[in-house]
Amino acid sequence: MLDLRRIGLFTRDNEQDYRLGSLRKLFSRAGIELVDDAGAMDAGALDLVIALGGDGTVLRALAACPGTPVLAVNFGQVGFLTQADREHMDRVLVRLLSDDYRIEERLTLSVTHRGQTVRAINEVVIKGVSHMVELQVAINGRTVHEPRGDGIIVGTPTGSTAYLLSTGAPIVTPDVDCILVKPLNEYSLAQRSIIVPGSAHVTLKVQPGREDDIGLVVDGGPRIRVEAGDIIDIGRSPVPARLVYFDDDYFFRNLRERLRW
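This note's numbering puts the last residue of the sequence shown at 266; the count rises by one with no breaks.
Accuracy of the hints is not assured; some may be wrong.
Said to hold, decoys possible - Using 16 Å as the maximum straight-line C-alpha spacing, the simulated EDC-like pairs for lysine to aspartate or glutamate come out as follows:
{"no.": "1", "residue 1": "K30", "residue 2": "D41"}
{"no.": "2", "residue 1": "K132", "residue 2": "E216"}
{"no.": "3", "residue 1": "K132", "residue 2": "D155"}
{"no.": "4", "residue 1": "K132", "residue 2": "E191"}
{"no.": "5", "residue 1": "K132", "residue 2": "E232"}
{"no.": "6", "residue 1": "K210", "residue 2": "D235"}
No lab work stands behind these hints, which were simulated from the structure alone.
This one's a predicted model, so the numbers in the text were calculated from it and none came from an experiment.
Please work from the sequences and hints to get the whole structure.
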């Protein structure tokens, strides 16, 4: 269990003041300091982050506080990564302070392009705007596919319930150590996803073609321009995503209740 001495709050802009006073009092009675802006803290300065928002807020919290466990409460729409809705926040905080929880570590990706490396929690997307994108896909240094289509997604089990879900890729439980590779609208009757071990190294090379406006997007963030000849290296990040959960059946419960599975 965590030695909770300092907890950070990570919120959507419009939820900044939601019950901040009552939260501060609750944690103060337990001898815990509550920090208003977790994103402004140095890595490792917090024992836990509480994210109030939807899945986008959770992703931003995990990115801003790498390695720090995140407890997510849904203040958004779907909130698949969250543990409870806002009306049940008191209940989960009581369980947190009673050490009635567990921490789940999830695979994340290290993405390198032109010497710059970022971390992806859900997925990496390469996509064109108006024409087909031609790519070369290598696994552990060996070329395995050369898809022509709208682009490609390389994702994690966590990401299998995000963008990948809408493409028809399989849902993968978070305890499976793997990486998903899914061409987007490939011009082929044989288009399929492929799942490789979490230890695999995936290399994407942009091939010359008609499309001259190709973008790289990580976890729905800013679009980064890529050009023919660019290489994107993707592998396991040394820093997993750490999420706080309370019940063993949370994943399938969220599939039923939040995604109507």
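Hint check:
no., hint, verdict
1, K30 to D41, "holds, 13 Å"
2, K132 to E216, "holds, 10 Å"
3, K132 to D155, "holds, 6 Å"
4, K132 to E191, "holds, 12 Å"
5, K132 to E232, "holds, 11 Å"
6, K210 to D235, "holds, 6 Å"
Going through the hint list in order, the structure satisfies each hint without exception.
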